[in-house]
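Sequence order for the protein chains is A and B. Oh and the first sequence: position 68 is 68 in the working numbering, straight run, nothing missing. In the working numbering, each residue carries its 1-based index in the second sequence increased by 1000.
The set of hints was computed from the structure by calculation and includes no laboratory data. This structure is a prediction, so every number in the text was calculated from the model and none was measured. Treat the hints loosely; a few may be bogus.
Here are the simulated lysine-lysine pairs, DSBU-like style, with alpha carbons at most 35 Å apart [as the list claims (entries may be wrong)]:
#  : chain 1 : residue 1 : chain 2 : residue 2
1  : B       : LYS1025   : A       : LYS58
2  : B       : LYS1105   : A       : LYS89
3  : A       : LYS62     : B       : LYS1105
4  : B       : LYS1117   : B       : LYS1076
5  : B       : LYS1054   : A       : LYS58
6  : A       : LYS141    : B       : LYS1101
7  : B       : LYS1029   : A       : LYS142
8  : B       : LYS1116   : A       : LYS58
9  : B       : LYS1052   : A       : LYS62
10 : B       : LYS1106   : B       : LYS1095
11 : B       : LYS1106   : A       : LYS62
12 : B       : LYS1054   : B       : LYS1064
13 : B       : LYS1025   : A       : LYS142
14 : B       : LYS1029   : A       : LYS58
15 : A       : LYS62     : B       : LYS1025
16 : A       : LYS24     : B       : LYS1025
17 : B       : LYS1105   : B       : LYS1116
18 : A       : LYS89     : B       : LYS1095
19 : B       : LYS1029   : A       : LYS176
20 : B       : LYS1115   : B       : LYS1136
21 : B       : LYS1025   : A       : LYS141
22 : B       : LYS1117   : B       : LYS1159
23 : B       : LYS1115   : A       : LYS176
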Amino acid sequence: MAEGGGAAIDPLHHFEVHPIIELKLGGMDMSITQPVLWMMISTVVSFGILAFVAATLKRYPKGFQNFVEMIVDFLRRELVINVIGEEGKGWFPVVATLFIFILTCNLMGLIPGSFTATSNINVTAGLAILVFLMVQGAGIKKYGFVGYFKAFIPSGVPSWILPVMLPIEFISLFAKPFSLAVRLFANMMAGHMVILVFLSMIILFKSVIITPLPLIGVVIMYAFEIFVALIQAYIFAVLTASYLSDALHMEH
Amino acid sequence: MFEADPGLIIWTWICFITLLALLAKFAYKPIVAMIESRATSIREDLDASEMKRKEAEEVLAQYKAQLDEGRSEVQKMIEEGRAVGEKLKREIMAKADEESKALVKKAQEEIEREKKKALMELQEQVAELSVQVATKMISQTLEPSDHEKLIEGALAQVKEEYAKS
Chain A
1 MAEGGGAAID PLHHFEVHPI IELKLGGMDM SITQPVLWMM ISTVVSFGIL
51 AFVAATLKRY PKGFQNFVEM IVDFLRRELV INVIGEEGKG WFPVVATLFI
101 FILTCNLMGL IPGSFTATSN INVTAGLAIL VFLMVQGAGI KKYGFVGYFK
151 AFIPSGVPSW ILPVMLPIEF ISLFAKPFSL AVRLFANMMA GHMVILVFLS
201 MIILFKSVII TPLPLIGVVI MYAFEIFVAL IQAYIFAVLT ASYLSDALHM
251 EH
Chain B
1001 MFEADPGLII WTWICFITLL ALLAKFAYKP IVAMIESRAT SIREDLDASE
1051 MKRKEAEEVL AQYKAQLDEG RSEVQKMIEE GRAVGEKLKR EIMAKADEES
1101 KALVKKAQEE IEREKKKALM ELQEQVAELS VQVATKMISQ TLEPSDHEKL
1151 IEGALAQVKE EYAKS
């Protein structure tokens, strides 16, 4: 994971973004950096696996097809239909792709020498902004622009409380995508940071006696990171589904 | 890593939306269709098997009813047979009884007739012997000793005759 001797002492160095291919489009820096590269790899890998399974579907599934079908069915039923309801079926591709994309990015980041795209706040913020826009879009589409924002003021609330309530509602509206972005970014970065710190310790102490201790720590953290990669992808998808459900059920 | 990087955000959108479009068309659609069609066929199979089961139950009930009917018919036939046998038995016994009674009666009558006949024959013989005795008595001299001899002779003769008959 460490990129050279100097980097080992400063774990944060690992998360620095460097352009691999410099690219400028209309004054915007669109350089292909490590997170972009690894997002592309994740896209290709996850699409490759799922498209292969979908292309070789069998009526009597076995092995990997079973596994993929189980995940797809789980996402569709437990995440989308159970949380949003039957009308949420149309949102299944979005929620499932969020889960698969984030999971693949997280797991890709565990390959030594790779870069965890989801450990960069811009990536997670990008996804969170997308979710935010889709949630507002879903609400506005169902209730109309006025109707949707009217629903933020519950009926029967005394008017003097509105100056207090509206800012709270407004903050909570933006707190949702913010928490989505920060949660994923912080979890992914922290896990890698712990692994890097353990590895740095090996180089720092340069001692055969101490080396096994951080090494055990690294192995345990790696196992834990696999779990975290799965959990964080799941949480992101569940919360997206629940925000969609909120926007589609404003009556409550 | 904390600095805003609009380019990276846009790249994130490009990657995500590309993946979403590709997966929706090439992965989710066929996989979900397969899951749904399998679920549908399983449901249909279950329904079909349920129908078959009901059908089988009906047929079984029919067979059972038929069996019961047959059994009761057989029972009826047995009872009828038994009744007929009983009747026949009674008739035969009554007839046999009657016949034996008739036979006994006939035999008694026969015996009676034979007895009468024997008695009649005996009477005839006694009369004849009496005549003979009388004849002998008359043909011999009337001496007391002769007299006695004659009577005794006649009596012996009668005795003899009687013993013979």
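Hint check results:
1. LYS1025/B - LYS58/A: Holds. LYS1025/B to LYS58/A sits at ~18 Å (cutoff 35 Å).
2. LYS1105/B - LYS89/A: violated, 112 Å
3. LYS62/A - LYS1105/B: violated, 104 Å
4. LYS1117/B - LYS1076/B: violated, 61 Å
5. LYS1054/B - LYS58/A: holds, 32 Å
6. LYS141/A - LYS1101/B: violated, 118 Å
7. LYS1029/B - LYS142/A: holds, 25 Å
8. LYS1116/B - LYS58/A: violated, 120 Å
9. LYS1052/B - LYS62/A: holds, 30 Å
10. LYS1106/B - LYS1095/B: holds, 16 Å
11. LYS1106/B - LYS62/A: violated, 105 Å
12. LYS1054/B - LYS1064/B: Given pair LYS1054/B, LYS1064/B holds - Cα atoms ~15 Å apart, limit 35 Å.
13. LYS1025/B - LYS142/A: Given that 35 Å is the threshold and the Cα spacing comes to 25 Å, the pair holds.
14. LYS1029/B - LYS58/A: Answer holds: LYS1029/B to LYS58/A is near 14 Å, not above 35 Å.
15. LYS62/A - LYS1025/B: holds, 23 Å
16. LYS24/A - LYS1025/B: holds, 31 Å
17. LYS1105/B - LYS1116/B: The hint holds at about 16 Å.
18. LYS89/A - LYS1095/B: Roughly 97 Å between the alpha carbons, so the hint for LYS89/A and LYS1095/B is violated.
19. LYS1029/B - LYS176/A: This hinted pair holds, its Cα atoms lying about 30 Å apart.
20. LYS1115/B - LYS1136/B: At roughly 31 Å apart (the allowed maximum being 35 Å), LYS1136/B and LYS1115/B satisfy the hint.
21. LYS1025/B - LYS141/A: Measuring from Cα to Cα gives roughly 23 Å; hence the hint holds.
22. LYS1117/B - LYS1159/B: Holds. LYS1117/B to LYS1159/B sits at ~20 Å (cutoff 35 Å).
23. LYS1115/B - LYS176/A: violated, 143 Å
In the structure shown, a violation is registered for the earlier hints numbered 2, 3, 4, 6, 8, 11, 18 and 23, in ascending order.
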